[in-house]
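Protein chains: 2
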Amino acid sequence: MNCNTPTDVTFSFTGFAQRGGRTDHHADGWGIAFFEDRGLRHFVDHQPACESPVAELIRRYPIKSRNVIAHIRKATQGAVNLQNCHPFVRELWGRYWVFAHNGDLKDFRPRLHGSFRPVGSTDSEHAFCWLMQELAKSHAGVPNVEELTLTLRELVPRFARQGSFNFMLSNGQALWSHASTHLWYIERRHPFLTAELSDEDLSIDFAQHTTPNDRVAVVVTAPLTVNETWTPFAPGELALFVDGQRRA
Amino acid sequence: MNCNTPTDVTFSFTGFAQRGGRTDHHADGWGIAFFEDRGLRHFVDHQPACESPVAELIRRYPIKSRNVIAHIRKATQGAVNLQNCHPFVRELWGRYWVFAHNGDLKDFRPRLHGSFRPVGSTDSEHAFCWLMQELAKSHAGVPNVEELTLTLRELVPRFARQGSFNFMLSNGQALWSHASTHLWYIERRHPFLTAELSDEDLSIDFAQHTTPNDRVAVVVTAPLTVNETWTPFAPGELALFVDGQRRA
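Sequence order for the protein chains is X and Z.
Once you know that position 68 of the first sequence is 68 in full-length UniProt numbering, the rest is easy, because the numbers rise by one and skip nothing.
Once you know that position 77 of the second sequence is 77 in full-length UniProt numbering, the rest is easy, because the numbers rise by one and skip nothing.
Treat the hints as calculated values from the structure; they're not laboratory data.
Note that the coordinates shown come from a computational prediction; the quantities given were computed from them, not determined experimentally.
Among the clues, some could well be false.
Output of the computed footprint for chain X on chain Z, the stretches with three or more beta carbons under 8 Å from beta carbons of chain X [as the list claims (entries may be wrong)]:
1) 118 to 127
2) 133 to 147
Sample of chain X residues lacking proximity to chain Z, with all beta carbon distances greater than 12 Å (derived) [said to hold, decoys possible]:
3) 4
4) 21
5) 44
6) 53
7) 57
8) 74
9) 84
10) 143
11) 153
12) 184
13) 189
14) 198
15) 210
16) 242
Straight-line alpha carbon distances no greater than 25 Å define the calculated BS3-like cross-link-like pairs of lysine-lysine that follow [as the list claims (entries may be wrong)]:
17) Z/64 with X/64
18) Z/64 with X/74
19) Z/74 with Z/106
20) X/137 with Z/74
21) X/106 with X/74
We put the CB at the ideal spot given by N, CA and C, even for glycine.
With the hints as extra help, turn the sequences into a complete structure.
Here is the structure:
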């Protein structure tokens, strides 16, 4: 989720968490990261999201954030343990970077010669470390989000050839999303309507929780609501979201 | 806390959290990090620990860990916000490193030329980044805990001259604690006794929650219990704890 006003994710997370073992088979752990300014709240758990006490906290405690990345895991590479739960976090240029991956990069272990090393054993964290290494090499100082988008567009095709590589990346200023197989997004803005979750019998009238200036973009691997129009990504598309709007 | 068996901190944290605004004036945020193998659960909040919903979760949900670092903040440098909450986390050599600081390093901003930069504005995170930078330069590969202890003993005096620098550092394998002004520790082992918290009317019979082989070391800035014998650190002392025992 990327927004122009700090927004809570309790509604979306309620549906999303059901996919962690109840309505879907992604039961091998989960995680979520909320930026608050430059700071970060990072929660990971190797219990299924539908049973986790930490997930229960997130559902009930409305943490407000402008950039949130959440993930529920179906283990393809790497054991079910805490260090293999997404999203992963690293610091670069005095900002935290958060990364979550959906997909499988078969036999792709690019060489890591920089200062980022995986702690766990997933293909995903390895790919993230490589991405951070290459970003660090590409810019002497902190680039702006448009420059970062150009760099990512050069780097990402080197992965995407190796397997499925749908990912979310944020540094708290923007959200970058890449689809190699499937990803959908929605931009919610005034006039806000009522949305109905597809994974649980729950609806919300966003008009009651928003102001006319609010803009919220949500990017997902499968639409979370049944009565809204979600836009599919084209294969290979890398999108930039800033302040709740798609910018590139 | 450093132990030989995964142990929960609900008892100690109950007393500790009271110091975050109730029995003490450390009300400018708090944080706690639990290692589980190489993985890490990291919770930070800029609300006082005695009121935080996340602290309430920690008090009730027994997360078991062999290495835990917790901190409640009294802001001396840097605003009250999430990015300034301890403990701080960085990755080095494929391990997470967790750091919390009690004290004040006046006008001490050593040059950061490596790959670690502070995200917030505290003297503490700056010191941590410098420590990580110097550790990274001192060893080509991953050193063992004894080698790391020697390196830390060389590095730490360069800070300690600049102000008060009580800190805790862990990479999930060991806990390093340094006292420049005050720090106390206890090693609990068989036979376990009943302990009474000094900050809340609560006691626990550890014998009921432990096995004879368990060993637990707890290091604090002020003793947490009234009926146990805590050992004070000497000024300038850097201690290493492994498997619930002081090793150096």
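Results for each hint:
1. Counting residues of the segment 118 to 127 of chain Z whose beta-carbon sits less than 8 Å from any beta-carbon of chain X gives 3, enough to reach three: the coverage restraint holds.
2. Check result for the segment 133 to 147 of chain Z against chain X: violated, 1 residues qualifying (beta carbon to beta carbon below 8 Å, three or more required).
3. For residue 4 of chain X, the shortest C-beta to C-beta distance to chain Z comes to about 19 Å, beyond the 12 Å cut-off, and the non-interface label holds.
4. Distance check for residue 21 of chain X against chain Z: the nearest CB is about 18 Å away, which clears 12 Å, and the non-interface claim stands.
5. Residue placement check: residue 44 of chain X does not keep its beta carbon more than 12 Å from all beta carbons of chain Z (closest about 7 Å).
6. Once the 12 Å rule is applied to beta carbons, residue 53 of chain X is inconsistent with being away from chain Z; the minimum gap is 5 Å.
7. Its closest Cβ contact with chain Z, about 5 Å, brings residue 57 of chain X to no more than 12 Å, contrary to its assignment away from the interface.
8. No beta-carbon of chain Z comes within 12 Å of the beta-carbon of residue 74 of chain X; the shortest separation is about 18 Å.
9. Not every C-beta of chain Z lies more than 12 Å from that of residue 84 of chain X, the closest at about 8 Å, which undercuts listing it as non-interface.
10. Taking the minimum C-beta to C-beta distance to chain Z, about 15 Å, the non-interface status of residue 143 of chain X holds against the 12 Å cut.
11. No beta-carbon of chain Z comes within 12 Å of the beta-carbon of residue 153 of chain X; the shortest separation is about 24 Å.
12. Chain Z leaves residue 184 of chain X outside its interface by the beta-carbon criterion, the shortest separation being 30 Å against a cut-off of 12 Å.
13. With a closest Cβ-Cβ approach of about 27 Å to chain Z, residue 189 of chain X is found to remain outside the 12 Å limit, as its non-interface label requires.
14. With 12 Å as the threshold on Cβ separation, the claim that residue 198 of chain X sits away from chain Z holds: the shortest Cβ distance comes to roughly 28 Å.
15. For residue 210 of chain X, the condition that its CB be more than 12 Å from all CB atoms of chain Z holds, with the nearest at approximately 23 Å.
16. A cut-off of 12 Å between C-beta atoms confirms that residue 242 of chain X is not in contact with chain Z; the least separation is 20 Å.
17. For the hint linking residue 64 of chain Z to residue 64 of chain X, the alpha-carbon distance of about 28 Å lies beyond 25 Å, and the restraint is violated.
18. Note on residue 64 of chain Z and residue 74 of chain X: the hinted pairing holds, with a Cα-Cα distance of about 24 Å set against a maximum of 25 Å.
19. In summary, the hint linking residue 74 of chain Z to residue 106 of chain Z is supported, as the alpha carbons are separated by about 15 Å, within the 25 Å threshold.
20. Distance hint between residue 137 of chain X and residue 74 of chain Z is unfulfilled; the C-alpha atoms sit about 38 Å from each other, more than 25 Å.
21. Among the hinted pairs, residue 106 of chain X with residue 74 of chain X is consistent with the structure: their alpha-carbon atoms are about 15 Å apart, no more than 25 Å.
Going down the numbered hints, you'll see the structure goes against 2, 5, 6, 7, 9, 17, 20, while the others check out.
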